[in-house]
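Q: Sequence:
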Amino acid sequence: MDRGNIGVLPRPTKLADESYLEFVTSFRKFAIQKGFPVMSANGEVALSKAIDKGEVKTPEDGEELALDEIKKVFSSVPFTPTWQRFVRSQQEMMWRGTRQSFLRNSDQVMADMEAAEASHPANIHYDPSFEPPKYTRCEIHCQPGGYTDDPLGGLVFHYGTKIFYEGFNDQDEMHIEMAGKATPPADGKITKILDIGCSIGQCTTALKNLHPEAEIWGLDVGLPLIRYAHMRAVRHGKDVHFKQALAEDSGFEDNEFDMVFAYILFHEVPVKKMKEIVAEMFRVLRPGGTFTIYEFPNNDKGQVPAGYRFMIDNDSRDNCEPYSPAFVASDFKGILEATGFAVEPGPAVSNDFLQSLVATKPA
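Residue numbers (my numbering): 5 to 367.
Quick caveat, the hints were computed from the structure, so don't treat them as lab data. All C-beta atoms, glycine included, are put in the ideal place defined by N, C-alpha and C. Honestly, I wouldn't trust all of these hints.
[As the list claims (entries may be wrong)] Label pairs and their in silico Cβ distance ranges:
(1) 259 - 341: 18 to 28 Å
(2) 9 - 342: 18 to 28 Å
(3) 67 - 155: 44 to 54 Å
(4) 65 - 349: 21 to 31 Å
(5) 216 - 92: 42 to 52 Å
Let the hints inform the model, and build the full structure from the sequences given.
A: Rendered as structure tokens:
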């Protein structure tokens, strides 16, 4: 049954499901907020001792400690495998519980998305013959079907990420915060904004609230995500556009946008595609336009602590994040600059794990 919403958040179809998923949220909080600091601290201590004893090959000046050395030491710490099991288990419980609950109401959900398309056809753009490339069809975060292949993927993503954010984003609070800090062009002219990797449009609609006179577009490769995003926008009376396309081949015109926004997109694509996406955003931004990016940290100058490097590597193997280690090891800022952008640190947000960059296309 449809139990309605709490604000913008849909409720699971049974109270028992909602209670179970609240437990999973608590379990995730424990694994991330309590378990990770203990695992990381113990691993750092063990790593320091191993370096002092000469058991770890230390890097040359200007080089970073090899990830394999970090993994070898961290894996020897007794709490590490327990933490790894906790992280994996809560993720499996999150998706299984969420999808099983909303599957009971799948016919109504599909009908609601179709009704939204019928009532506002000019605001959703996709080609039914479009075939997402193989690299986009990974089950990121272990979500069944990933972002492209489960028709209920948008709804499952919505409630699943409510748990992923440990209850801190139930009403899109984090997306609203980040959209509010998107950097406008220096000349103040904002008529058109693009949100790439928009998923279910939480930042897209927040950008519309902030810039009501502007034309706002959300772009994502996942059709289930943009269909759900479009339905949400229709329900909330937001006149925004959603398009299924590749960020590296957006189909937009040269110099079409005043602002582009990207939240945690780049660590989800191969480095080759990352470079193509950056080039595409340079093309579609007008001179003087800005590209606001919130993303994983990079380790190009050895600034990411060993505990985070171990966690990101573990995430890549045990949580289907296949591209994140290469992103973290890349010189992302250098890639932006080589494309032609002028890059500066962006405004900080409450999630201090993320790096913030603003790339400006020269006027």
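Q: Against this structure, judge whether each hint is valid.
A: Do the hints match the structure? See the list:
no.	hint	result
1	259 - 341: 18 to 28 Å	holds (20 Å)
2	9 - 342: 18 to 28 Å	violated (45 Å)
3	67 - 155: 44 to 54 Å	holds (48 Å)
4	65 - 349: 21 to 31 Å	holds (26 Å)
5	216 - 92: 42 to 52 Å	holds (43 Å)
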